[in-house]
Structures are given as structure tokens and as C-alpha cells.
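Spelled out from the first residue to the last, the chains are:
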Amino acid sequence: MSKQNYLCVVRSSSGTCEKPSPAEMEESYAKFNAWKEKFQDRIVDLGGALESERKIVTSEGVTDGPFVEAKEIIGGYMLISAENMAEAAVIVQESPACWSSSTNVEIRKCTAP
Amino acid sequence: MHSSLSTPTVVEHFFRHEYGKLVASLSWRVGVGYSEDVEDAVQFALMAALETWTKSGQPDNPSAWLFRVASNHLIGGLRQKANRSRLLEQNKIAEPDASDSAADAFFENEMRDDLLRMLFACCDEAIPRISQLVLALKVLCGFDVREISIRLFTSEANVYKRLTRARRRLRELEFSPGELNAEQFESRLPSVHTVLYLLFTEGYQSSHAELAIRRELCGEAIRLATLLAEHPVGDTPETFALLALMHLHRARLTARQDRFGGLLLLEEQDRELWDPHEIQTGLNWLARSSIGDVFSRYHAEAGIAAEHCLAPSFEKTRWGKVVECYALLESVAPSAIHRLNRAIAIAEWKDPAAGLAILDEFEPPTWLAGSYQWAAVLADLHRRNGSLEIADRNRKLACDAAPSPAVRKLLERRLQIDRR
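If you read the sequences in order, they're chains A and B. Under our numbering, think of the first position of the first sequence as 1, with each following residue one higher. Under our numbering, think of the first position of the second sequence as 114, with each following residue one higher.
Quick caveat, the hints were computed from the structure, so don't treat them as lab data. Just so we're clear, the structure is a prediction, and the values are computed from it rather than from any experiment. Incorrect hints may have been included.
Taking lysine-lysine and the DSSO-like style, the derived pairs with C-alpha atoms no more than 30 Å apart in a straight line are [unchecked claim]: (1) A:K19 - B:K168; (2) A:K19 - B:K274; (3) A:K19 - A:K3.
Let the sequences and hints guide you as you build the complete structure.
Here it is, written out as C-alpha cells:
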């Protein structure tokens, strides 16, 4: 069975988290590199951060919100490939996006022609 | 923490050590008084690195990259504070040209010099010793307030208070670049030695169960002392002796604990676990320290550590030499605790009565008389000398005064009346 792409959207509870110390940052960096090496072929696009400014566009025009509750913000995205949803979940589970208890990741399969 | 970073140029503790180097370098360029702005800028640069490097890969010269981002951020921040614009004109932050490997090396050297200058700046006479240590851990080793409080067994509030006061002092001084003169470097060298010694001792002696955390402090002390020893401001016999004693002690660090984190006595330690490479490094520094006519306390302590490291077994230790070193230590750095240690060595060299004899001669100061060490040594020597009643009384005193469960356990085991 061919691999499918999955879009991963990283949500975190908004707000002021403590700044990490240099030791914590080097730990994150090391973990990230280890993760990246392990799943190298599965990462289609590392994506990146999403800015907080947003608009909703409808036929009526452009408006501000209603967006996801203010407490929860979408912080970033990435694209990975996996056999199925379960495998995608394993990859994401081990990813930097899930290391903090204040973040969660929504995974959606991308159907492309 | 120990997972290796995949890119070879980024070594272990890169972020933490880079933090120290950058804070020192930039502080020197804009003035030590701005250390808080500098630290914010460095924090920003490291965060930026984490985001950018994970996405686009690491740049060829990560240190230069961080320097650029941090100094740009710092300039931007300071520029907004109008009254500082004059200062910036005076101290333009020259961007190091890191286009070839010679420039890389130059950049590295300059960063190292700045780090050492910062170490001397932290050892300002007007800053209390413990605050000097806190400041060094923060700005030179890159630990944050919480991490320092864990390592020094104190509250975060206490660390914070010490940092604030020490920073205020640095601000009052308003160093401008290059202001520490040769005389100041020379007069502060003993304080620098003491701070490095304390840093090492904190790691070596602390009753912290977590070996990794203790090892880390010892490693930081050795890293800074090595920089000092290789630089004209600090390449003195005392520095070499200090490094010798650090390496010789670190050689035994792993062997000092049993599998459950309990402390082991010297005679119980598995000498196979002592690190021969560390011992050799320590002996090399000891050889380098034996020049000139200075005999410091570090020479004496390194000498004692060397005797233990070289002894094939506890019984075959050259106790006579150890006693000699303790006597020398007492003469250069008089302290009742050194006499107490000499008594133990004499007891091993001759007999317990001879050890007790040098303790009978003097009245211990109150801080020692009430300590577990004093009671424990009396308990041990009296027991071996056959005075079981005095021994038992002191055994109880020692166990009650033990500072941690690990030490208490050790004492209970060591001081059993019917032992051996």
C-alpha cells in the first residue's frame, strides 16, 4: 500500500510559558535531531510556525474570528507521510510537538489526486 | 541530556556554554552593567537558533551565527532606550569576520578571553563569595535561577536575590572595555581560585543523589579552571595544582557511590572503577604545578589526592606521606578540619592512640565540635582504641548531626561498636 500524506496541526494552550533555560534548549535540540534522524524519510515538510494573525474569508467578505477559543492557539504545522493513521500517530507522538504537556497535535489525512 | 547531537560541530552543552561565552563577550562590548539586556539578547539568539536550525539546518559556524543574532538584537533593544545611544556610539559591536578558519580561531580566542575577564569581574571583592558563585553559574555556565537553586540547595528566591544584588554591584562599577588592569587580575586570582574550588566541591561533596548533576558541576569547574591555566592571567602553579586536585578527585567520583546512590568509604571503593585517564591528567597538572617556590593549599590537597589515587589498596596507602601533606596544609591554611584529617591519617599510619593524641592537645572551635565529622572521628578512634563507652556516646552524636540520610547511613555502618 502506498504511503499517504498527513497534515499535522500543532495546537498549544496560549499564554506565557516560562522561557526555557540554555540546558533545556540544548536538550530540545538534541531530541529534535534524534527524532529527525529516526523519521527522516517520513517527514515531507517540516512546516513551521503559524503567525497568530488570522482572518476568515467567506462569500460575505473578510471578518475577524470567531476562532478557536482564545485559550487554544494553533502554533505550527508539518507534513509527514505514513502507511496509515496509526503509524502517523506514532511518528507525531515522538515528535517535538508532543513533548510539552501543554500542546497537542491534530492529524488529518490529505487526499491528493 | 546525553543523546548525542547529530551534527559534529555542536558538542555537548553547546547551548549552555555558548550562552556563557556570548554573555561575557557582549557584556564586555557594551559594559558589564548591562548584563541583563545582554542575557535577554543571548536568550533570544538561542531561541532563534532552535527554530531556524531545526528547520533549515545548522550554519557552518554556529558560534558566529549566534553572535550575530544576539548582537543585532542587543543593539536594537538598546537603541530604543534613547539615553544609551551615546554608549553605543562609543562601543560599536564589531562583528567578527568568520569567513575562514584563521578568523574562526581568532574568534574562538577572543570569546575565551572575554569569558575569563567575566570570571574575574564576577569575583569582585564587594560581592559575597556565595553570590560570586551564583553569578558565575548564571553568566558563565548558563544555568538559570531554578537550576542554580537545585545545585546549591537553596531557594529560587535566594538565588534571585543574590543575583540582583550582584548585578547592581556590577552596574555601579560601570566597567568599560578593558578596564580591569593587570594588578586587579593578579589580586583577584585567589578569589577566582576559591570560586572554582567551591564550584568543584559543591559537585564533589554534595549529598545530592543525582550523580549526573554533581558530575556536571565538577565538569564546569574543570572547564573554567582549564581555560584559566592556559591563559597568561592565570597560568600559575596554584592554578595547575587546583586543576590537579580536581582531576584526581573526579577520577574517584563514580566509585564513591554504590548502586543505590549510597556513599562508600575509601576502603570500600572498587579501585578498578577509578578512572586511569583522569588520574594521569591530574598527575600531569601536578607535575606542572611543582615549579617556583609557591606551596599553596591546592598543592597540599592535590598531593593527598595523588597519594590515594596511586595507592594499590587502602592498607598499602603511604599514610606517612598523607600525614606530611596534611601538616603542610595546616601550615599554609590553618584550620581545625585539617588537623582532624591529619589525626585520621596518623591513626592509619601509626595507631588510633597516636591519632587521638593530636586531638587531645587542642580545643576544637564550636563549629567543628558540634559537627558530625568531629564526633564521628572521635567515635571511630576511641572504638579502635578500646574506649567503647566514649565511642558509643560520640557515635550517637554523629548520627544525630548527620546532614543527609546518605551520610547518616554511612556513619551507622562505619561506627558499629562490634565492627571488625
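Now for the hints, and whether the structure bears them out:
With a C-alpha separation of about 20 Å, the suggested pairing of K19 (chain A) with K168 (chain B) holds against the 30 Å cut-off. With a CA separation close to 19 Å, the supplied pair K19 (chain A) and K274 (chain B) stays within the 30 Å bound. With a C-alpha separation of about 38 Å, the suggested pairing of K19 (chain A) with K3 (chain A) is violated against the 30 Å cut-off.
Consistency note: the structure conflicts with earlier hint 3 alone.
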